[in-house]
Amino acid sequence: MIMGECQVTTETKTFEPKIAAFLCNWCSYAGADLAGVGRFQYPATIRTIRVPCSGRINPLYILKAMANGADGVLISGCHPGDCHYMSGNYVARRKFALIDSLLKYVGLEEGRVSFSWVSAAEGVRFAEVVKGVTERVTALGPNNGVFKVQDGGGTNE
Amino acid sequence: MEQNPYLPITMKLIKNLCETEDKLINTFTLEFLSKEDEENFKYMPGQFAELSAYGAGEAPFGIATSPTEPGIIKFSVAKVGCVSNALHLMEEGTMVGVRGPMGNYYPMEEFKGKNLVIIGGGFAFTTLRSMAVYMLDEKHRADYGDITVIYGARNPGLLLYKEELAEWETNPNINLVTTIDRPAEGWTKRVGFIPTITEEVAPSSVNTYAVVCGPPAMIKYTLPVLEKLGFPPERIYTSLEMRMKCGLGICGRCNIGPKYVCKDGPVFSMAQLKELPSEY
Amino acid sequence: MKITKEKFGQSFDALAADYQIIAPVSDAGGVNYKAVKSFSEVKQDYLNSKLPPKSFLFPQHEKLLSYKKEGKDVTIKNELKVGKSILFGVRPCDAKAMLLLDKVFKNDEYTDPYYYERRDNSVIIGLACNKISPTCFCSSMSISPASSEGSDIFLIDLGDSYQVEVITEKGKALMAGLEELVELSAEEQALVDTIKSAQTASKVDVSTITAKLDKMFDSPFWDTLHEKCLSCNACSFACPTCHCFDISEEVHKNEGSRVRTWDACMAPLFTLHGSGHNPRDKKKARWRQRMMHKFNYFVHNNGDIACVGCGRCIKSCPVNLDIRQVIDGVNNVELVVD
Amino acid sequence: MVYLKYKTGGEQMSSIVDDIRATARQLLTDGKVDVVIGYEKGSLPLKATPCFVRSPQDIDKLIWDETCENNLAAFSTLTEGKKAIIAKGCDSRALVVLLQENQLVRDDLYIIGVSCQGVINKKKIEAETGEILEASIADGKVTVKGMVCDKEYTFTEVKDASCQTCRYPNPVLEDIHIGGSIDVPQQAAVFADVAEMENKTAGERQAYFQEQMSKCIRCYACRNACPLCYCKECFVDCNSPKWLTGGVDQAENLFFQAGRVLHLAGRCVECGACSRACPQDVDIRALNRKMSKDVFTMYKHESGISMDSNPALNEYSADDPEAFLVKE
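Residue numbers (this note's numbering), protein chains in the order written: chain Z, 7 to 163; chain A, -16 to 263; chain W, 3 to 340; chain L, 131 to 458.
For the record, the hints were derived by calculation from the structure and aren't laboratory data.
Every residue gets a Cβ at the ideal spot worked out from N, C-alpha and C, and that includes glycine.
Among the clues, some could well be false.
What the hints assert, rightly or not - With a straight-line Cα cutoff of 30 Å, these simulated BS3-like cross-link-like pairs (lysine-lysine) come out:
no., chain 1, residue 1, chain 2, residue 2
1, W, 205, A, 257
2, Z, 110, L, 423
3, W, 285, L, 271
4, A, 6, A, 97
5, L, 254, Z, 110
6, L, 191, W, 284
7, W, 133, L, 254
8, L, 362, W, 45
9, W, 286, L, 254
10, W, 285, L, 330
11, A, 18, W, 74
12, Z, 137, Z, 101
13, A, 62, W, 205
14, A, 211, A, 172
15, Z, 24, W, 255
16, L, 212, L, 254
17, A, 257, W, 285
18, W, 45, W, 86
19, W, 9, W, 74
20, W, 205, L, 362
21, W, 285, L, 423
22, A, 62, A, 95
23, A, 25, W, 70
To be verified - What follows is a set of in silico ranges between Cβ atoms, one per label pair, in the way DEER data are often shown:
no., chain 1, residue 1, chain 2, residue 2, range
24, A, 198, Z, 147, 41 to 49 Å
25, A, 199, Z, 93, 41 to 49 Å
26, W, 170, A, -3, 49 to 57 Å
Said to hold, decoys possible - Heads up, incomplete: computed chain W residues facing chain A, CB under 10 Å, no partners named:
no., residue
27, 62
28, 66
29, 69
30, 73
31, 106
32, 121
33, 280
34, 338
Given the sequences, and given the hints that come with them, work out the whole structure.
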């Protein structure tokens, strides 16, 4: 299965998506770390942005990532109940549900923006999530511009 | 076609010097890259320029150097926003953009043969320094009478151009009075707010012009003092600050009544300001 | 003299090869000026466009320069690129507004090359208003629904033909290719006369407003005028003479551009200083600025009122703050004589 | 219409106006408030305009009819002093949210509640009749003389979209109620409009919103007309970080609208002021309605209907739906 995927990647070598990954410091970032330490392979498509908590994620981060040309966005925090700050991810969960729903409503393709919970112990799963997200974003192709600002209109600080 | 006034010339930041103890004000020394650029950048004390930190944007700052200092221009800038932060962080050797010189300048011609009292507070001393240096230049010194500089800051650490001030202390061509708001350890000079000190040390208003720059509160309380000392509004000058973008009198935000501070100012006499609405 | 629309359309289509032609078209946002390739795309029967044609001389978002940073070095590129264009179907109010903008973008010291390159390379084909909207008040602003001021060529719609007046040398040069002008019939002449003598029903009196406003900066009139204003930019963006802009930077990695975008005096952040001080932090001050700028400051600086009576601000205001009523209000203020 | 207890433009309407004026007079003469924020006749047909009454002699300017479309709650945070506000159902909901978010002091606010049978959407009429020259409202009929044609409409035909789907025509918080109340219409399917849009393909929706966004000129009338957009510095104006440029690229316009709508999620009271304020007729409401529907179906919450219920995004439950998660 993994071999097969690799072949797919080689064939479509022309497009390697760039995925902005917002990972919570306590679980998902540690999960990513564990994936690295454990040498669980996953595609080098994500650009990690560590945030203190998934509750810290502002919807604008997601929109901005796409405006600046990210082909996909991955957001990951602690599993519900495991939040380092007790309820940050519960609060985030409501936000995420609405963001996900609105983005699809305005016509953003399913799979462009993904949400997941990955704990610090789930190194393998983190790799799986990234693989899955990468596959779906690769299948969608480059950011088609629903939010991508044309002609270098992006702004970074 | 004439020059595109929106295109900056490129200059090299050769020195990025922290001026004050609170580390909020830096002086940037910029070097002209060509003789031609320098030729085209003929300015007078009181003018300003739009300084570009590429990646952050552009903002207007008063030119702190005098045209008598060739090859370079300097700006002393407080860290307040996007552009000034980027400038503060900038490494020496970086290329920046400069548009200018812009605006009007202190009426150096009109000042000829007159005594000058220059009153500055905080970091609003930049274009005043330019003017003082201009008049102290050997080519110009004879044109002007007595020069008194009253310069104050909250504490000694916040005074700009400390080395130069030290030099002026002993220079017979200029009478420097520095003051700080509250007593501080090691400070042996004057203590007190500028209006009070002005009242104490200002020269006679006869045949004298006053130029005042500083925070609004300082100006507000200094003006009555000058009035009391007999300075008529036509002989009191100040330089105004406004939010500016184009610097060309077009973009529409820096106006006071029908006057654009960027083009018709920034230097105004109190007599001129009295004719304008108090919207600044 | 007149030309049939059929003939005119043929010349129009031919000109489209050399010129970018901007003309009113009907689309999702209503009637607006857009680039067209053929006369058949042009909306024939319209009162006026929803947004003024000023955006073709002064776009809402325009690159001034671009740059590339490499290490400590930077290279700058001027982004001024302009082709020849024709603005077709410009109403008298908007044509007059361009004359006013001309004064803004050139002052005693500077000329704005971005505006003037476009301006100098464009020909304005004006079109008289056969129908007048109830919010139009151009007749009060020394314009009329059929005034040709500001147009290079001026047309009056006669149904299946246009009455043609060539106003400027620029217009003459463009018209050189059009030979097929014929005389108007008596009937058509009568129609032209009717259109030319038409006046807007809505009127304001601006005869003394500038002098009045000279004395009104501190008037209590401003204390309540602004209350219902929401401080949005709808009126300014819809205004053919409003020209305030912002300059900002758009950055992508080590490359970027400096752009100018429309801005408006109604926005509180417009005048906010870096220090936090804001000379026009109150709506009152901003509305006073809007009126003063249009009816007083602009007159002092440029000799004309910066309002052409197109009525777009009236139509676009979400709270119905009607500039005609504000003008009336100024006229009705009793100055306190001291 | 069955649910209309009083007719449009009828006698009850004028008695409401009398009662509003009497209440305003009382409040001002008693010194209970400094200003009464209501409506007066506007300069255009079928358009009322907000009116700030500070002295009894201006009281007779106050009106009440189907043209009173602005959400006056938007002025509550902008106007200093003690104020009385004439509030329709949606306006009162906005006031509730503002109170919940500590933007208003309850004691400084006097709510004059008026039940609302909906407001007229002028744009809908003008699309057919051309610019309106004259118009009158009587007996549930709106008679319009337009530049293109004259036409007579029933009130329901020209009612604003947000009023068509209104579930709270009666004020939810008020200090005095004026006029009768309105039976809440039974809607066959709540959020039918959203469902219709949801049933379209992603491509169709994308095309629809791109067309809508292409009209936006970023004048921010929507934001400023919104009673709940009270941020001192909106994210669009923020320059550090700079979320948006001043460009009018449709992707950026969607960024602005989506960002704004997400900030209003769980707070929006569906008054439709944004859409009505839009000079370019952008269907902003479609986005807000979607959020309202989601909040309603997922979290059983409607914003601003009671001072006691917490805003949806301030709360959570252990079993909130999480269908949005990736499948891995």
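So, against the hints stated earlier in the document, which numbers end up violated here? Violated hints (numbers, rising): 1, 3, 4, 8, 9, 10, 13, 16, 19, 20, 21, 22, 24, 27, 32, 34; every other hint is consistent with the structure.
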